[in-house]
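From first to last, the protein sequence lines stand for chains S and Z.
Residue numbers for the first sequence follow my numbering, beginning at 1 and rising by one.
Residue numbers for the second sequence follow my numbering, beginning at 1 and rising by one.
Among the hints, a few may not be true.
Just some of the chain Z residues that point at chain S, by a computed CB distance under 10 Å [what the hints assert, rightly or not]:
{"id": "1", "residue": "G52"}
{"id": "2", "residue": "E70"}
{"id": "3", "residue": "V73"}
{"id": "4", "residue": "M92"}
What the hints contain is simulated information worked out from the structure, not anything from laboratory work.
Quick reminder that beta carbons are idealized off the backbone N, C-alpha and C, glycines included.
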Amino acid sequence: MRNILSIFKRELRGYFATPVAYVFIVIFLFLTGIFTFYIGGFFERGQADLEPFFRFHPWLYLFLIPAISMRLWSEERKSGTIELLMTLPVTLGEAVLGKFLAAWCFTAIALALTFPMWITVNYLGNPDNTVILFGYLGSLLMAGGFLAIGSCISALTKNQVIAFVVSVVICFLIILSGYPIVLDFFRAWAPQAVVDAISSFSFLTHFDSIKKGVIDARDVLYFGTLTAFWLYASTLVINLKKAG
Amino acid sequence: MPYAIEVQNLSKSFGNLRAVRDISFNVARGDVLGFLGPNGAGKSTTMKMITGFLEPSAGRVSVCGHDLHEEPVQLKSKIGYLPEGAPAYGEMTPVSFLEFIGEIRGLGRRHLQDRINDVIRMIHLEAVLEQRIETLSKGYKRRVGLAQAILHDPEVLVMDEPTDGLDPNQKHEVRTLIREMASTKAIIISTHILEEVESVCTRAIIIAGGRLLFEGTPADLETRSRLHNAVTLSVNRDSFAAQRELGALENVESVDIRTDSSGNTRLTVVPAAGMNIISEVTDFVRIRGWTTTEFRVESGRLDEVFRTITTQQAGGGART
Numbered sequence: 001m002r003n004i005l006s007i008f009k010r011e012l013r014g015y016f017a018t019p020v021a022y023v024f025i026v027i028f029l030f031l032t033g034i035f036t037f038y039i040g041g042f043f044e045r046g047q048a049d050l051e052p053f054f055r056f057h058p059w060l061y062l063f064l065i066p067a068i069s070m071r072l073w074s075e076e077r078k079s080g081t082i083e084l085l086m087t088l089p090v091t092l093g094e095a096v097l098g099k100f101l102a103a104w105c106f107t108a109i110a111l112a113l114t115f116p117m118w119i120t121v122n123y124l125g126n127p128d129n130t131v132i133l134f135g136y137l138g139s140l141l142m143a144g145g146f147l148a149i150g151s152c153i154s155a156l157t158k159n160q161v162i163a164f165v166v167s168v169v170i171c172f173l174i175i176l177s178g179y180p181i182v183l184d185f186f187r188a189w190a191p192q193a194v195v196d197a198i199s200s201f202s203f204l205t206h207f208d209s210i211k212k213g214v215i216d217a218r219d220v221l222y223f224g225t226l227t228a229f230w231l232y233a234s235t236l237v238i239n240l241k242k243a244g
Numbered sequence: 001m002p003y004a005i006e007v008q009n010l011s012k013s014f015g016n017l018r019a020v021r022d023i024s025f026n027v028a029r030g031d032v033l034g035f036l037g038p039n040g041a042g043k044s045t046t047m048k049m050i051t052g053f054l055e056p057s058a059g060r061v062s063v064c065g066h067d068l069h070e071e072p073v074q075l076k077s078k079i080g081y082l083p084e085g086a087p088a089y090g091e092m093t094p095v096s097f098l099e100f101i102g103e104i105r106g107l108g109r110r111h112l113q114d115r116i117n118d119v120i121r122m123i124h125l126e127a128v129l130e131q132r133i134e135t136l137s138k139g140y141k142r143r144v145g146l147a148q149a150i151l152h153d154p155e156v157l158v159m160d161e162p163t164d165g166l167d168p169n170q171k172h173e174v175r176t177l178i179r180e181m182a183s184t185k186a187i188i189i190s191t192h193i194l195e196e197v198e199s200v201c202t203r204a205i206i207i208a209g210g211r212l213l214f215e216g217t218p219a220d221l222e223t224r225s226r227l228h229n230a231v232t233l234s235v236n237r238d239s240f241a242a243q244r245e246l247g248a249l250e251n252v253e254s255v256d257i258r259t260d261s262s263g264n265t266r267l268t269v270v271p272a273a274g275m276n277i278i279s280e281v282t283d284f285v286r287i288r289g290w291t292t293t294e295f296r297v298e299s300g301r302l303d304e305v306f307r308t309i310t311t312q313q314a315g316g317g318a319r320t
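Please model the complete structure; the sequences and the hints are all you need to start from.
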């Protein structure tokens, strides 16, 4: 536990020691603004809620989260610090978790900085703040899922660009796995049960209910399991690829 | 008392490449073991297995009684390790980097501050404490790597080319530091520099092609040299005649002639294997009444031994 905390602190400080953090946060806030007000039609809808704000989170995360996660392990491998880290008295699980939690905490900070949105909607009307809170929690859970996928992909390669592109593609497929674009590919040959299983993996369907203020245990379980699975896969990949 | 480092029948394969083959050795406290070998010989791979970074394909490693397989975390806590190239987190300053390492190593807050101050003084990092590591010179980066390796005062120290990239003064400092620490620790260093083996190591092993080819003291290594106990002299006579006469002596294998850039000619009298010819040569010179302007006994040339041992292995597949 103490080791996880040490790694977590080092990583989190690392984000703010470079321009990465500031660039990311500024762009994230800028894009959420554009999506909410222009594309989401926040004012035109005339409703006091943050649905237009949360609606685009999966698509924002699709590009922004791999930008954070791509360096998680690629950089360690490229600079050789992975050898340093893995010969310190920490377990691989602690290292994976510490780094993941730091990245997650960093996205939480970026997400928390969208609070003016929440103030605005409260100023303009009387929104259901529980729904908004659940929306934030759901968004954070989803970010965790994206980050865990990115962590695993980042462990596969020394090259951050490859890590970024591959993570985007995989996240894209998982977001869309409830939609024809992915399902049609499987429908042609896979049994219906498999198609149903794949469609239930979609980020969008699980995030949909949460952003409407319904926290279903199944959705939480879904994101939790997905995150745990990809983090575990990260440990396997790191072990396998350490030598290269 | 058990050895601090025990390595038994260690092997590592990467696909078809057998990087390390069946290597065994022990290191006791007070020993400084030098790893010698050409590039790609398996030195770094062996170190990576001892420090728990790589999983061995076969064999056993134990450090201070902790088996690599059963207690990897305890094993790692006993070791200070300077990996090849001294990697460090570039965006950190040496101080914050050392604080991070110390925290993970489980040093208490007050003790950690004391240790950081000690190490900074020992390694002379004072000038760069608040600079980002990525902006430091190669020599300072290497020193930061050394600092993190010795921060927790480990019982076992493993250093992959600790003096690589340092200038001669810095090399000297690092070697002095290693000698100072040697009495209480078991130390392994790898190096390409043979004089380093003579100046800091109590024992040496030579690895080539993944195999252990030699194990012994640096002095043992020297006795393997053709030139061990050879006599080099300059005489006021015709060199070729002198060469012929000296070559006729009983225990002399051959006599080499070398002329240096300023025109002085030296004869090197090489003894037959294991023979001591010093008194024989001095007597001979006195009886003949030659005047010698230079007379010196060679201790043996490590580079020559190194070349012989490592190229024999490469070219001599038939031997094994």
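Violations among the numbered hints: 2
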